[in-house]
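From first to last, the protein sequence lines are chains A and B. For the first sequence, counting from 1, position 104 maps to 104 in our numbering; every step adds exactly one. For the second sequence, counting from 1, position 46 maps to 46 in our numbering; every step adds exactly one.
Keep in mind that the hints were calculated from the coordinates and are not lab data. It is possible that part of the hints are untrue.
Covered by chain B, per the in silico footprint, the following chain A stretches (three or more residues, Cβ under 8 Å) [unchecked claim]:
#1 33–42
#2 64–75
In silico DMTMM-like cross-links for lysine to aspartate or glutamate, where the CA-CA straight-line distance does not exceed 25 Å [what the hints assert, rightly or not]:
#3 Lys41/A x Asp70/A
#4 Lys105/B x Glu58/A
#5 Lys26/B x Asp30/A
#6 Lys26/B x Asp7/B
#7 Lys44/A x Glu15/B
#8 Lys36/A x Asp7/B
#9 Lys105/B x Asp70/A
#10 Lys36/A x Asp83/B
#11 Lys26/B x Glu53/B
#12 Lys41/A x Glu53/B
#13 Lys40/A x Glu5/B
Which chain A residues face chain B? A few, computed with CB under 8 Å, are given here [to be verified]:
#14 Leu81
#15 Glu82
#16 Phe90
Where is the CB? At the ideal position from N, CA and C, for every residue including glycine.
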Amino acid sequence: DTAVSQTPKYLVTQMGNDKSIKCEQNLGHDTMYWYKQDSKKFLKIMFSYNNKELIINETVPNRFSPKSPDKAHLNLHINSLELGDSAVYFCASSPLGQETQYFGPGTRLLVL
Amino acid sequence: SQQGEEDPQALSIQEGENATMNCSYKTSINNLQWYRQNSGRGLVHLILIRSNEREKHSGRLRVTLDTSKKSSSLLITASRAADTASYFCATDYLGGGADGLTFGKGTHLIIQP
Numbered sequence: 001d002t003a004v005s006q007t008p009k010y011l012v013t014q015m016g017n018d019k020s021i022k023c024e025q026n027l028g029h030d031t032m033y034w035y036k037q038d039s040k041k042f043l044k045i046m047f048s049y050n051n052k053e054l055i056i057n058e059t060v061p062n063r064f065s066p067k068s069p070d071k072a073h074l075n076l077h078i079n080s081l082e083l084g085d086s087a088v089y090f091c092a093s094s095p096l097g098q099e100t101q102y103f104g105p106g107t108r109l110l111v112l
Numbered sequence: 001s002q003q004g005e006e007d008p009q010a011l012s013i014q015e016g017e018n019a020t021m022n023c024s025y026k027t028s029i030n031n032l033q034w035y036r037q038n039s040g041r042g043l044v045h046l047i048l049i050r051s052n053e054r055e056k057h058s059g060r061l062r063v064t065l066d067t068s069k070k071s072s073s074l075l076i077t078a079s080r081a082a083d084t085a086s087y088f089c090a091t092d093y094l095g096g097g098a099d100g101l102t103f104g105k106g107t108h109l110i111i112q113p
């Protein structure tokens, strides 16, 4: 069984569109995260969400918004996509108070 | 920035040899972790070492931490072809809480058969 899953695996879209990436974890973890990995493999935290508290990396544009319908899901919505948004986006989760994070397989976003 | 730096950026060795990767960071931390990423896949947690620990072992992995130098090393002994991957160090720095991990740029390890 997949612990942290993301859909879609690949996403190709036009500049200016709005898109969403879904993330689900079946580990019962309390904290979920979104990371962005650029073409040079640099991985950067975008958001963390814990008990309805959202912590935002100040460098993330407000076109990106995470939505958590329940504890097991943290979806990423992106408005007005730009070329620079092309990257691999990883969802992750961790138990409350634990540091080890469990990563999803990634969503490869290409903006044309 | 808290961003860590791995060294070397790329490493190619023969199967059976040992591989050593280094990581440096900038601010005080709660712990330091190492992750592996196979090509086109997500990250997999390998080992965590806390700020009050100096060395930790897990199978063929050995991690050291020197908080005075703000550095860590990952040693993979008796390397195998399956160890080919990118390796990242990540820090959970003091006061981070749910802020997520700060990753280095990674070392790309290639094990030649």
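Here is what the structure says about each hint:
For a cut-off of 8 Å, the count of residues in the stretch 33–42 of chain A with a CB near a CB of chain B stands at 5, and the three-residue condition holds. With a threshold of 8 Å between beta carbons, the proposed coverage of the stretch 64–75 of chain A by chain B is violated, since 0 of its residues qualify and at least three are required. Straight-line distance between C-alpha atoms of Lys41/A and Asp70/A comes to about 30 Å, which puts the hinted pair past the 25 Å bound. In summary, the hint linking Lys105/B to Glu58/A is supported, as the alpha carbons are separated by about 20 Å, within the 25 Å threshold.
The hinted pair formed by Lys26/B and Asp30/A fails the criterion: a straight-line CA distance of about 28 Å is larger than 25 Å. With a C-alpha separation of about 15 Å, the suggested pair Lys26/B and Asp7/B falls inside the 25 Å cut-off, and the hint holds. For the suggested pair Lys44/A and Glu15/B, the alpha carbons sit about 32 Å apart, so the restraint of at most 25 Å is broken. For the proposed pair Lys36/A and Asp7/B, the alpha carbon gap of about 22 Å is at most 25 Å, so the pair holds.
At most 25 Å may separate the alpha-carbon atoms for a hinted pair to count; Lys105/B and Asp70/A exceed this at roughly 33 Å. Taking the CA atoms of Lys36/A and Asp83/B, the gap is near 24 Å; set against the 25 Å cutoff, the hint holds. Between Lys26/B and Glu53/B, the direct Cα distance comes to roughly 18 Å. Compliance with the 25 Å bound is thereby established for this hinted pair. Proposed proximity of Lys41/A and Glu53/B is contradicted: the alpha carbons are some 29 Å apart, above 25 Å.
Our distance criterion of 25 Å between C-alpha atoms is met by Lys40/A and Glu5/B, whose separation comes to about 13 Å. Checking Leu81/A against chain B by beta carbon gives a least distance of about 22 Å; that is not within 8 Å, so the hint is violated. Hint status for Glu82/A: violated, given a least beta-carbon distance of 23 Å to chain B, over 8 Å. For the restraint placing Phe90/A at the interface with chain B, the shortest Cβ-Cβ distance is roughly 6 Å, inside the 8 Å limit, so the hint holds.
When each numbered hint is compared with the structure, violations occur for hints 2, 3, 5, 7, 9, 12, 14 and 15.
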